[in-house]
Structures are given as C-alpha cells and as structure tokens.
Amino acid sequence: MPERPAAVYYFGTCLADLFFPEAGMAGIRLLRAQGVEVIYPRGQSCCGQPAYSAGRTEEARRVATAQLGLFPRDLPIVVPSGSCAGMMRAHYHALFAGTQDAAAADRVAARVIELTQFLVDVIGLKPRDLGPPITVAWHGSCHAMRLMGVGDQPKLLLRELANVTLVEVARERECCGFGGVFSVRQPEISSAMATDKADAVVATGAEALISGDCGCLLNIGGVLAKRGERVRPMHIAEFLWERTRGDG
Amino acid sequence: MATAEFRVSARKALADPELRANFRRAMDGLMSRRADLFARAGDWAGLRALGAAARLRALARLPELLERLEAKLVERGVRVHWAETVEQGNAIVGDILRRRGARLVVKGKSMVSEEMHLNHFLEGEGIEVLEADLGEYIIQLDHETPSHIIMPAIHKNRRQIAKLFFERIKGARYSEEVDELTALARAVLREKFERADAGISGVNFAVAETGTLVLVENEGNGRLCTTVPPVHIALMGIEKVIERLDQVPALLALLTRSATGQPITGYVNMITGPRRAGEKDGPDEMHLVILDNGRTRVYADAELRDVLRCIRCGACMNHCPVYTRVGGHAYPGTYPGPIGKILMPQMLGLEKVGDLPHASALCEACTEICPVAIPIGDILVRLRREGTRADSRAVQGAGARRSAFESLVWSAWAAIYATPVLYRPMVWTLTRLGGLLPRGLPGLRDWMRVRARPRFARRSLHELARRAGLPDA
Ligand code: SF4
Chain A
1 MPERPAAVYY FGTCLADLFF PEAGMAGIRL LRAQGVEVIY PRGQSCCGQP
51 AYSAGRTEEA RRVATAQLGL FPRDLPIVVP SGSCAGMMRA HYHALFAGTQ
101 DAAAADRVAA RVIELTQFLV DVIGLKPRDL GPPITVAWHG SCHAMRLMGV
151 GDQPKLLLRE LANVTLVEVA RERECCGFGG VFSVRQPEIS SAMATDKADA
201 VVATGAEALI SGDCGCLLNI GGVLAKRGER VRPMHIAEFL WERTRGDG
Chain B
1 MATAEFRVSA RKALADPELR ANFRRAMDGL MSRRADLFAR AGDWAGLRAL
51 GAAARLRALA RLPELLERLE AKLVERGVRV HWAETVEQGN AIVGDILRRR
101 GARLVVKGKS MVSEEMHLNH FLEGEGIEVL EADLGEYIIQ LDHETPSHII
151 MPAIHKNRRQ IAKLFFERIK GARYSEEVDE LTALARAVLR EKFERADAGI
201 SGVNFAVAET GTLVLVENEG NGRLCTTVPP VHIALMGIEK VIERLDQVPA
251 LLALLTRSAT GQPITGYVNM ITGPRRAGEK DGPDEMHLVI LDNGRTRVYA
301 DAELRDVLRC IRCGACMNHC PVYTRVGGHA YPGTYPGPIG KILMPQMLGL
351 EKVGDLPHAS ALCEACTEIC PVAIPIGDIL VRLRREGTRA DSRAVQGAGA
401 RRSAFESLVW SAWAAIYATP VLYRPMVWTL TRLGGLLPRG LPGLRDWMRV
451 RARPRFARRS LHELARRAGL PDA
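Each protein sequence line maps, in turn, to chains A and B.
Under our numbering, the first residue of the first sequence is numbered 1, with each subsequent residue one higher.
Under our numbering, the first residue of the second sequence is numbered 1, with each subsequent residue one higher.
Note that these hints are calculated values from the structure, not bench results.
Please note: incorrect hints may appear among the correct ones.
What the hints assert, rightly or not - To be clear about the criterion: a stretch of chain B counts as covered by chain A if any three or more of its residues have a C-beta under 8 Å from a C-beta of chain A, and this derived list gives those stretches:
id, segment
1, 418 to 427
2, 465 to 471
As the list claims (entries may be wrong) - Listed below are several chain B residues computed to face chain A (Cβ distance under 8 Å; list not exhaustive):
id, residue
3, A91
4, G94
5, A183
6, R186
7, A187
8, R190
9, P249
10, A250
11, R325
12, V326
13, V381
14, D446
15, P454
A quick note: this is a predicted structure, and the numbers were derived from the prediction, not measured.
Glycine is no exception: its CB is placed at the ideal position from the N, C-alpha and C atoms.
Construct all of the structure, not just a fragment, from the sequences and the given hints.
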C-alpha cells in the first residue's frame, strides 16, 4: 500500500458542483475523518471532458489548462468520479502533447486517483456500519472501470458494511447510456440504455443504487425518478458517510 | 447532409422488439462464451500483447510485406491483382470469370466482397453467385446484407429462418430444428459445389514470409470453395498481411476466441497456391485480389492507421451496448458496430456518415475487449474532431459537421469554465435561481422523455467547501 499522505487535493467535478454537492462534501468528510487534510482549490471547475469527447479539443484544452495550476504541491489529486479522473489520467497527456503545458499536464495526470481507489488502496479504509439493514445495488461507471482501472474497491467498501446487503445488477458492466453529449445526440439509444439499466436495477429489489459517478446517477436516477421507483440513487461517498458518520 | 440517418435507422430498430430480443440473446451468448475462454486474465493479456505486436509490426512495414507476399504467391503460381477501388476489384473478378466462361460461382464468407457489392455486380454480368456460408446463404435467400461481420444472419431467430427456408427452398418441409435446417441448406449447396465454375473466398491472414493464405471457418464450405471448383479467387484488403508464419497461432487464438468463443474453429485452411502436379485436389487456377478502397488514406495518418490493425473478429459488436440494441442493419455501409464507426467514416466520408462517430457513449467496452488493442474510443473522438475541422486533409469530408451554433456554444462554455470569476458566479446564480433546469435547454426535451428533469442543488460544492473552511492551497 502506498504511504498515506497528510494532505490531498480534492477535485470535486462540475457535475457534483451543480447537481450533487452533498456527494462531493461526503467524499471530503470521509477523507478528513481519516485524518487526511483536504485542500479544495477554489479555481477548479471542470476537467474538460464534455468538450473533449465532443471533439472540441481546443475548448477542452482551454478549460483543462485552467485546472493545471491548481495542484502545485506533490500530493494526490482525489476525484469523486471515475469519469473525470479518467479524463485527467488517461487523456491529458494526449490533449497537451506538444504544447508548453505538456509537462505540467503529465504531472497532474500522474497524481490523479479516484476516491474509492484512494480510500481502499491508499488509506485501507474499513468502514464501520452504524446504519439499519438495507439492500443496495452497485453500478460502476465505464470510465472508472476502463480508464481508471477501478476494480473491486467500491464493492470492498460496501461489503465492509455489516448491515448492507449488496446485490448484483444484471449485465452490471454495461454502460447506462449517459455518455455526456451522447444523450443529446442520440437520445433514443441513450434512453433505451438508461431504461434497460433502470429495469435491471429495479429487478434486483435493491432499496438504493450506489455509484461512484454523478453522470450515471443523473441518468439512471432520472429514469427511476420519472417512473416513481422507490430505489434511491446515491453516490458511494454519500452512502458511506451516511452509514458511518465518520466513525469508519 | 445525411447526418441524421443513423438516428433515424436506430429509432426504427429500437421500435422492433423481436429484432432487439434476437440481438440481445445472441450477443449475451457470445459475450459469455468469450469470457469463459479468456477467464484467466494472464492468458488474455499475454496473447493480446502478442497479437497487437504482430499487427503493429505488419502495419509498420506494410508496403514491403505486401511486395514480399506478392512475390511468394507468384512463385507458387498464384496470380496477384491490385485494385484501388471496388469498381476495379469487381472488374478484375469479372474478367477472370468471363475468360473461364464461368456461369456459377460459389462463395465463402468475405467482408471485402460485401464492400465491393460483388454479388450484385456478378449477377449483372449474368453469373449466378451462391453463398456457401450458412449465414450468408440465409441472408442471400432473403435479399439482405450481413448484420454482423462474423454471423451475418444473427438478426434472425430460428423461427424466422425456418419460415424463410420453407418459403424459398423448393420442396422444403417446415422445421425449426437446427440440424434439419442445416441439412436442408447443405443439400442445396453440395449440389452447387459440384457444378461450380469458380470459388470465391476471403482471407483472414496473409503470411508474407511464406505466401500462405489463412482462412478459418466452421462449416467446411470455405474449404470446398477453395478446393473443389477449378478456379479459386481470394479477396482481401491490403491490411490483411502479416510478416511471419509463427505469428499465426497467437492471432488465430485471439480471432476465434474473440469472435465466437471457440478455442479453434472447425476448419483452419492454409492455402499456398493452386494444385501442383501430382496433387489430388485444389483449383488449377488461383488468384488473389488485394483491395485498397480508401485504406491507403487511412494508413497515411499515424493515429487513424490503428484502425487497420483490425482482424475482423466482431467482438466489438458483441460487446457494444449500441449495436446490441439496434443491430447491424441500422449502420450505413459494410461494417457495423464500433469498427464500422471508426472505419466507415473514412471509407464513405464524413460528409455522408459524420454522425456515426457520435453514436457512441464512449463507454470503451469495445476498446477493452479488442484483441489487437485498437484504441477505438480515442479514434471515435478523433473523428468527431475531424468533423469540425475544415483545415484537415486526414479524412474525406473533414469539417462537414461544422455548425456555427455549436461552435458558439462550446466557445462560450470554454470561456466560462476556464475563468473562475465567471464560473463561480454562474454556479452561484444557477443554484439560487434554478432549481429545475430551464425547459428550453437544447436536448432537454429528449432527455425528459424517459427521465425526470434534473434539479440544480441549492448550494454548490464550491460554496459548501468554502463554508467548511477547506484550505484553498
Ligand atoms: S476492431 Fe477489434 S474487436 Fe472490433 S472487429 Fe476489429 S479486431 Fe475485432
């Protein structure tokens, strides 16, 4: 296990900023409860992914450039989203290759780590469950799995919780259909994917759908809400915080 | 501009429950068979590295290897033809057949022949073409094109095939039994094999070192096509060449495991020329037609060149959540699914199919399982970018998707998100006033067809973090 740093940078992501600030805060609280100082650079906005994946490289670079200077100390950059972390970790190199910021971008990319990876791989968190019995389903985001290499970490955390029963969603590695601009450009396919995912989640009988990515939560949660399903979509940071209240 | 086409055809496919069920069932089966075979992660990673390296090496020295392949084949009595366009390819095949006075041709599976629309061309020349691969035979009976590059009739279920055979094959009795259906098709095909004047086949790998054409299949029809008729014409794209024979095992293992979840196919044909004196079977005349059809242009760009690594295993289709839902016929051109999304825009031009690279959630399921590690997601993004760039020569139709409105939206977005003194007040305002997103927002109506309207939080994370007294640096 890598050495536990005294402090980390926290990159909250633009989606959490506007739609899921409590999830963002829960990540911060979890870290602080472990005695890790959390630095929240005020200049942060977005990793640039929306423009990048739309093929708008210049615009993506412009926004990403504005983030590069926010993390001067050699500390991990913890991101409560596999997708945004993946953008920084996997794509910043190519995005800045040949520019004057190339070296700075590589230095940032190398330190980016997704929240559950940090909690498990660096801190070795074993959360202690204080909540009532509940059944939950897990949805891992595509980029957490395929760009960040997040594997078992989220499930390890959930399985540590004594009163939480974790059930598997059918075809659990299949995309929920969010894909940022994809949901706007191909709304029918995106909707079909989101609907199938919501069906699979409901079929598990879980009371909550836990994910590590706000994009997936916005998407699947949107379908669940529209249909009036009782499954609560929730970010894993918020869920962990709610279950442990810092008692991890 | 034909850019809304995929969305339209996808919508149609999505509304067909039988089609969706057929694909879902078939793709689920293919995925689990593949996963079982690659269960040991070490095997997969090692094999994949070998396969990718073999393909990369071949592409790095493509012109030289093609020359060596040609020389070897000529040495063995194979006539090699180069076709820059599909028209040239068709003319070459047509000439060979005409010279031999061929009336009936049997054909094994070949996606290059689909690229060429060869059947259509030959029928126009008065030559009967019979598809000898069972799947290809099924769709030929129904006048369709392949919906999958490995399993061309995968869009049909057993009942649909039974009905088709009953209606189209003379003397057939109705049966939904797989064995009976296969036997029925086989009887038709066997009879034609004996009368065929020529056989046409594809190529899976062409080995430059030895001049060997490798062809895998499960039904034996490929072997018949390449050995029974007096003339054999093999078709391949320029990228099919590999350097050495000892690279074949790894590539074959990757191909069959990825494609159908088989450790090996029923038949592996290694063809090294026409029949020689004293040999019992084999054609007395053999040709190889090597087709470019836009590949040289793909090759010219260092990043886009990776598309040519493809070994046509079809696994990216099987694992694609979009393909699984709409099926192969929703895609324009010959190759559907992820490989189609990165290849067809380069073959047909972004002005025609510039919407294809956008028809992906960039979930990277394809990149994850591609046996030769093609960075499919990155190439999709690159092609999206090409669509907005009028200054690029890399892809035909670059810049065709430029939209002044979209450019404006993105520059405004970038200006705000790159400038904290603009970004923070915007977020503050949205959380204070917004609640619900404004209805007029582009795309929101479509989003809300199956989802609730997203809600802004009352306080942003920026605000909460500041209140919590977190240090800024
Ligand atoms: S792109 Fe990769 S996965 Fe898709 S057909 Fe080609 S080799 Fe197979």
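> Hey, does the A91 (chain B) contact hint survive, CB to chain A under 8 Å?
Replying inline: Result: violated, 38 Å to nearest chain A Cβ.
> Do the numbers back the hint for R190 (chain B), that is, is its least Cβ distance to chain A under 8 Å?
Replying inline: For R190 (chain B), the interface hint is violated, since the closest Cβ of chain A sits about 41 Å away, which is over 8 Å.
>> Min Cβ distance, R325 (chain B) to chain A: is it shorter than 8 Å?
In response: holds, 5 Å
>> Just to be careful: measuring from the Cβ of A187 (chain B) to every Cβ in chain A, is the smallest value less than 8 Å?
In response: Where the cut-off is 8 Å and the nearest Cβ of chain A is about 40 Å from A187 (chain B), the hint is violated.
> Holds or violated: V381 (chain B) as interface residue toward chain A, Cβ cutoff 8 Å?
Replying inline: holds, 6 Å
>> Hint G94 (chain B) vs chain A: min CB-CB distance below 8 Å?
In response: violated, 40 Å
> If you take the shortest Cβ to Cβ gap from V326 (chain B) to chain A, is it below 8 Å?
Replying inline: holds, 7 Å
>> Just to be careful: measuring from the Cβ of P454 (chain B) to every Cβ in chain A, is the smallest value less than 8 Å?
In response: holds, 6 Å
>> Given A183 (chain B) as an interface hint, is its Cβ closer than 8 Å to any Cβ of chain A?
In response: At about 35 Å, which exceeds the 8 Å cut-off, the nearest Cβ of chain A leaves the hint on A183 (chain B) violated.
>> Does the closest beta carbon of chain A sit nearer than 8 Å to the beta carbon of A250 (chain B)?
In response: Status violated, d = 23 Å.
>> Under 8 Å between beta-carbons, do enough residues of the segment 418 to 427 of chain B, three at least, approach chain A for the coverage claim to hold?
In response: holds (count 6)
>> Given a cut of 8 Å on the nearest C-beta pair, is the interface hint for D446 (chain B) held or broken against chain A?
In response: holds, 3 Å
In this structure, the hints that do not hold are numbers 3, 4, 5, 6, 7, 8, 9, 10, in rising order.
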